[in-house]
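Colleague: Here is how the chains run, residue by residue.
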Amino acid sequence: MEPTVFAQQLINGISLGSLYGLIAIGYTMVYGILRLINFAHGDVMMMGCFFAFYGIMMFSLPWWASFIIALVLTGLLGVLIDRGAYRPVRNAPRISALITAIGVSFLLENAGLVVFGGRQKAFYRPEIFSEVHTIGGVRFLELLIWVPIITLLILAVILFIIYKTKVGRAMRCISHDMETTRLMGVDVNRVIAITFAVGSVAAAAGGIMWAMRYPQINPLMGIIPGLKAFVAAVLGGIGNVAGAMIGGLLLGLAEILLVAIRPDLSGYRDAIAFAILILILIFRPTGLMGEKLPE
Amino acid sequence: MEEHHRRNQILTVIAVGIGLLFLYGAQEYATSYQIRILNNCALFVILAASYNLINGVTGQFSLEPNAFVAIGAYTSALLTLTPAEKQLSFIIEPIMWPLGVLHAPFFISLLAAGVVTAFVGFLMGFPVFRVRGDYLAIVTLGFGEVVRVVANNTQTITNGPLGLKGIAPHTNLWWSWGIAIITVFFIARLVRSSFGRAMKAVKYDETAAEAVGINAFWHKMLAFTTSAFFEGVGGGILAHLITTISPTLFTFFLTFNLLIMIVVGGLGSTTGACIAAIIVTFGGEYLRFVEEPINFWFIHIPAIPGMRMVIFSIILILMMIFARNGIMGTKEFSWNWVLNKIKPVKIFLRKKP
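The listed protein sequences derive, respectively, from chains L and E.
Using numbering that gives the first Met the number 0, you'd call the opening residue of the first sequence number 0 and step up by one each time.
Using numbering that gives the first Met the number 0, you'd call the opening residue of the second sequence number 0 and step up by one each time.
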């Protein structure tokens, strides 16, 4: 492969990987605390895109205002899902919670189809991100530079919340032992709600950047990125936020580079993530950075 | 041993006989729409009963039936299509060598579908049963996606996104219900055998089961492979019912439908899964009215396509919150139960004169 092509693919891979990582953060935080795979997480990301879309198209807000409102609404949606669907099954067998999560995922997708319609919608990409740069024969969109930067900022904020604030300490406690944490006088449900909010906001940020990158959205857009982000979370070691980001980057790079090296395999792109997942679970079930064993 | 074993066997035979008479009547007098729904019921009875074996009875929550149904459907369709038909539909790339000339009657193709799917399930069991719980769900879900992606890309075997067309409509009520009855009997027998009891032990406490000498891994494999076999056969029935198959048919959506059925029936109850398969299939047809325009006096609601799935998702969530045991819980339908319910009525009637 020529160096310019390689550099080009590297940029693509890093930006795609950052998006996987951002979505994976939500999975890994919820799993770390509740041991629940939030199947609906990819669909929460989709909802974030639609909030932003309608903010711009229906209410003619400036793009930045619309994006901020979308982040807030998606965070609230995450809290609502936790309150309405997950909290009632918190003490039920784990399988019930998992089935509920699948139900929520389908509800969001199908309600999306009913309310937004199934057609692809063109997503608005602000001019400042639309410029195309050429450096040494490598052409790329301005957005692709911003994606990793914004991602790192969000990651830093989330790591700050988890390791430097009181709520974050409560989150870490709950992931070790929910009952004892409750006995210590921590409002467990509130902390879990905050976890859902933070994870959903990260997903919405990832989703909006995803929508700007491939400027089309539809109600089923969250399924595949959601699944791959989960693989990224497992790859990085589930429950580990920094690991999720690294897992996302590795997955994004693996996908893009493999297709760049073997274009004839491009049809199998969506299968790569699962092949990786099966390999990790066989050879290193704790992921790259994880300490916890899967059950 | 069950009480009144002989009597119950006779009652079962009578019930099946009445069912067959009903099917004969349907075949003769029902409209093609009604026959189609009855065929769908049988198909979902096959799929739900076999899905329940691994998910409910053995307690290994997995999400791969769409993959197994796809493998079964493609296998049997490739066998019943004649070589000439296959040459006609494979327009982008010619079909792979042995598949192009193979041709088999419907029954053989169903068996082949079952065997091939069971073999794939067997191979797949080795990696996936290294993990449990949520991880198993995700890995099997991933496997379902992989099979779909592969079906989309192996142009010389599956004809890629174009799919297979013109499959002979072999499936009629006799085939579909015949195989449904065989499937349910086989699975019910398996669940009642010592293998089935071992599977249940694995579901409730794997460590304890291992401690009393049950090999958890091989019992999971047995349940998984059996379930794959019948899902493959169900795939063959499906292919010859709708006569056109393509990879888009076998998305997670299919698995979701089956999941609703086994949850409504009660995870772990074979008869519950069958009852729920019929209820959900009929319910789905009945609920069609919500997708049509509604005129109620002066209220006019326009047609809302897709509303049924919203309702199904809400039902699933509500079931998990309020009615986790479904219709049957982990119990099975039994004649003793029915007769015990009838007994007070009988005594009451006898006292009267």
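What the hints contain is simulated information worked out from the structure, not anything from laboratory work.
Glycine included, C-beta positions come from ideal geometry on N, C-alpha and C.
Wrong hints could be hidden among the right ones.
[Stated by the list, open to error] Among the chain E residues that face chain L by a calculated CB cut under 7 Å, a handful are:
#, residue
1, P126
2, G141
3, H299
4, I303
5, M306
6, V309
7, I316
Colleague: State the violated hints by number, sorted upward, taking the hints as numbered earlier in the document.
Modeller: When the structure is compared with the hints, only number 3 turns out to be violated.
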